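Undergrad: Sequence:
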Amino acid sequence: MLTPPSPENEIERLRSLYATGLLDTEPDEAFDRLTRLAQSIVGTSICLISLVDRERQWFKSRQGLDAEQTPREISFCGHAILSDGILEVPDATQDARFFDNPLVTGDPNIRFYAGAPLHGDDGYRIGTLCVIDDKPHQMTQSQRLALRDIADCIEEQIRTRQQKRAYASLQSLTRLSTEANESPQALLRRGLALGCGFLGMPFGIISRIRGNDYQVLLQVSPENTLEDGQHFELGDTYCSVTLTHGQLLTIDHMGQSRFSSHPCYRAFALESYIGTALTVAGEPYGTLNFSSSDPRVPAGFTDAEREFIELLSDWVNEVLERWRGDDLLAWQEQMLAAITRSQALFIREPGGGKAFRGLLMDILALTGSKAGVIAEVHSSTHPNDLQLQTLYACHADLPALDPAQENEISTALRGVFFASADQHKAQAFVSDDGNSDLAAPGVRTLLGIPVIHKGRLVAVLGLTDRPDGYDESLIAALAPITGTLEQLLDAARIQEQRLDTERRLQSVIEGTRIGTWEWNMLTHAVVMNERMLEIVGYRLDELPADARAFLRSLVHPDDLRHCDRLLHQHFAGELDDYDVVVRLRHKAGHWVWAHERGRVMRWTLSGEPMLMAGTRADITEMKTADIALRDNEARYRALFELSPVGIALNDYETGLFIDVNESLLLPSGYSRDEFLGLSYWDTTPIEYETDEQRQLDSLNATGRYGPYEKEYIRKDGTRYPVLLQGMLLEDLSGRKMIWSIVEDITEPKRLARMQQEFVATVSHELRTPLTAIAGALGLVDKGVAGVLPDKAREMVAIAHKNSARLSHLIDDLLDMEKLIAGKMRFELRSYDIMALIREGLAQNSSYADQYGVQVVMAGEADNARVAVDAQRFQQVLANLLSNAIKFSTAGGTVSVSVSQHEDTVRMDVVDTGSGIPVEFHDRIFSKFSQADASDTRQKGGTGLGLAICKELVERMAGTIGFESEMGRGSVFYVEFPLANATPALDR
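Heads up, the sequence shown is in the numbering used here, so the first residue is 1 and it goes up one at a time.
Hints may be right or wrong, so weigh each one.
[Said to hold, decoys possible] Listed next, the in silico DSSO-like pairs over lysine-lysine satisfying Cα-Cα at most 27 Å (straight line):
(1) K710 - K927
(2) K927 - K886
(3) K736 - K710
(4) K587 - K623
(5) K354 - K454
(6) K710 - K749
(7) K927 - K749
(8) K715 - K749
(9) K164 - K736
(10) K354 - K370
[Claimed, not checked] Per label pair, the in silico range of CB-to-CB distance:
(11) M795 - Q871: 52 to 58 Å
(12) D716 - T904: 45 to 51 Å
(13) E674 - L639: 20 to 26 Å
Just so you know, these hints were derived from the structure itself, not from any lab.
Quick caveat, the model's predicted, so the values are computed rather than measured.
Ideal Cβ positions, reconstructed from N, Cα and C, are used throughout, including at glycine.
With the sequences and hints as input, model every part of the structure.
TA: Here it is, written out as structure tokens:
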């Protein structure tokens, strides 16, 4: 028995096989139908779809066989995948490779075998469609063709399922990107589950890395393995390698890699890993990684899996950034609420005890700390003799802080600040086993923030037991609260002095840039800070006696009724807070937007509101930006809908239409809903596939495509011509889309066709009589009909000359018609370009003499050959020379030069005329185009010469162009590829 050898591309072949995701999957009726069909056509007892794995062949579909797999070493299919052709064994007992094979000598007693290789999406042979019988058999040619056709159908099914699998994952990711109702944590966990499912790996982690600390931020894993919030040393995780690697890292078999000694492998025995670094707001954040205890050998990770992880990581970065933004916004709102509550409590409750305790509890909630103290610093006569007295102590989960724990925190703070030379600097310490420097073994993590008043340490805020520890960013974030704490402490010392208390309370709010007010409803007195009036451009000393009436007069009339309704609802207990956004008239006359919040702080014995306090924030900038955004969206939508040309927005990946305007719908015959169910391939004829790919390449390279012409398919199946151009863009989620302008050019095409038909008809109808007229006038001019009087001879000469010009115009029109219609025949042969040019100069020398212009050769190229039609080349040269001669001044020189480049040869015709006006440059090669100046009109010409030259040169694979400067003449050039000496084919 001959064991089938492994192909040279075995690793790539297995990677292609595993990428299909078919191995060990459930039976599929789509494949079973095809094997039944093949079995019926060939007439065998067994038909299989065999996938050749590393050590086995596994049957995705089987007819007439119970076994699900057999060893590869005895397989016929292992031989069949060695070439692209069908392997046919008419009688295995007579074949040296198989006569002693166990599958021949035993069950299922194979005699006949035929296997058509099956190819993966990347062309590698991953298995076969095979038919087997226990009797010798010889297939007919039609059966071979049918077997191959059915194998092709199976390949298409495999590709379709593979694409659907990847597409389903991408669709799931796209749906996740559009979910607005779920929290970022829930979205990220769903994204991890999606990645685990797509990769077939049980562990998925989004990590947060700070220094050498690796935190499992979110995870998807088997039960009782990982938990959110777990911490590891970074060096003990594969992610340390990922960060060093700097890009997507894949490890197929850790035990056989250079990382086999890594601590993570020794601890968890994870054999395969794929991970990439995450970046949030431009800063390193952590990693996205997936791992498994199973190796991925020999195939490793597929390109599709790598691309999916890249896409998933981009999405995770965006969600993390949103999460971070949401957390920051929530933090700021909570901090603002904490400041507002503490200020209101301080105003309402004498002594400020509730305000400080409430503020400390808010700080614990904001930071996630378990316990904290606010301690006041007292100094004796000696400046270095400082004592710390706890004013307020709180525990996040208990009614009060245990005295022993309170003492430990105070001891730790005393050791930090009083032993340091810099008592004014916030100190953050983290210790997993108790830091002896803290002199408090029970305190594992500590944040100490000094409260400085007028350059003096007056108090300390101490926080402990935050799960994530403390860092500089948290210290900075707490600055507004510590500033508030400083002012409240200062105000508490002098609260007995009412006016001074109000001044100090106002300075607290100044730091937050928020206006504050207090309204006594019994006396109608309103007390506010300077910022409250700054928002509307006033100062406190400008406030009239009836402050409440003045403030109400500033509210926009449309908002005032709404404000009153919310206020009464709050008084009635229907709303916990008075919260409203209003427009206020600024002193300068314009309107500003403000966000006001307030609450009744004191009630009368009868239950009526007595004292209310609140805040006002200027949100003009935010509101103006929001209004401007809505206005811009409305304007752009109006332009979109009213545009006279079609506009479409397509999804880059799928080609589906996302939005279209009415001008695009009108000629198509589709309704809007019908059109939005199409992709651009549904409206594009198949013959434009190559052009579409060329435009797509341009779009990817430059961000734009077009303009180019193609046809659209109407709903009724008819076609109409369109001119397209567009650009590539991305939305905030990174989704690529294509904006296109689609102009229906049916009418311009019809008019152009009518013009061509008209010109052709007129040209042909005029040519015969005009030839007769020109001939008769020529005879009369030569005196054949007798001697004419001078006046008559002059008129006949003019008529003869004009008829010749008209004949030339008709010839040009006919040439142009032939070129447009593709009827002009070109006989391309290899010529020495210098010989052609000398011949052309000789033919046009008499014309140059008429204008008193000298034509000279200014440069030559030896042995430069071009593949051209000699007659058409002379026509181009004659036209360029005649133009140069006509527009050169008498006594001037027209020079012709030839230069040879690497693979082209160029001919320049240089005149000494007045040059071409700049505004005429873009039309110079257009039909019937001439410069408008009167002196150029006098030179004559049909306006078709250069247009014909351009068509002729391009039909001979050349290019034509010009350079011109007013007052200095012009250079017209043609450039052709260098040709071999052998004649070219006619065309």
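Undergrad: A separate judgement is required for each hint: does it hold in the structure or not?
TA: Status of the hints after comparison with the structure:
1. About 23 Å separates the Cα atoms of K710 and K927, which keeps this hinted pair within 27 Å; it holds.
2. For the hint linking K927 to K886, the alpha-carbon distance of about 19 Å falls within 27 Å, and the restraint holds.
3. Straight-line distance between C-alpha atoms of K736 and K710 comes to about 23 Å, which keeps the hinted pair within the 27 Å bound.
4. At roughly 19 Å between alpha-carbon atoms, K587 and K623 fall within 27 Å of each other, so this suggested pair holds.
5. With a C-alpha separation of about 25 Å, the suggested pairing of K354 with K454 holds against the 27 Å cut-off.
6. Annotation: proposed proximity of K710 to K749 holds, straight-line Cα distance about 12 Å (limit 27 Å).
7. Proposed proximity of K927 and K749 is supported: the alpha carbons are some 16 Å apart, at most 27 Å.
8. At most 27 Å may separate the alpha-carbon atoms for a hinted pair to count; K715 and K749 meet this at roughly 21 Å.
9. Taken as a hint, the K164 and K736 pair is honoured in the structure, with Cα atoms around 20 Å apart against an allowance of 27 Å.
10. In summary, the hint linking K354 to K370 is supported, as the alpha carbons are separated by about 19 Å, within the 27 Å threshold.
11. Against the hinted window of 52 to 58 Å, the Cβ-Cβ separation of M795 and Q871 comes to about 36 Å, which falls outside the hint.
12. Judged by the Cβ atoms, the range 45 to 51 Å given for D716 and T904 holds: they are separated by roughly 49 Å.
13. For the pair E674 and L639, the supplied restraint of 20 to 26 Å holds, since their beta-carbon distance comes to about 24 Å.
Hint 11 alone, counting from the list given before, is not met by this structure.
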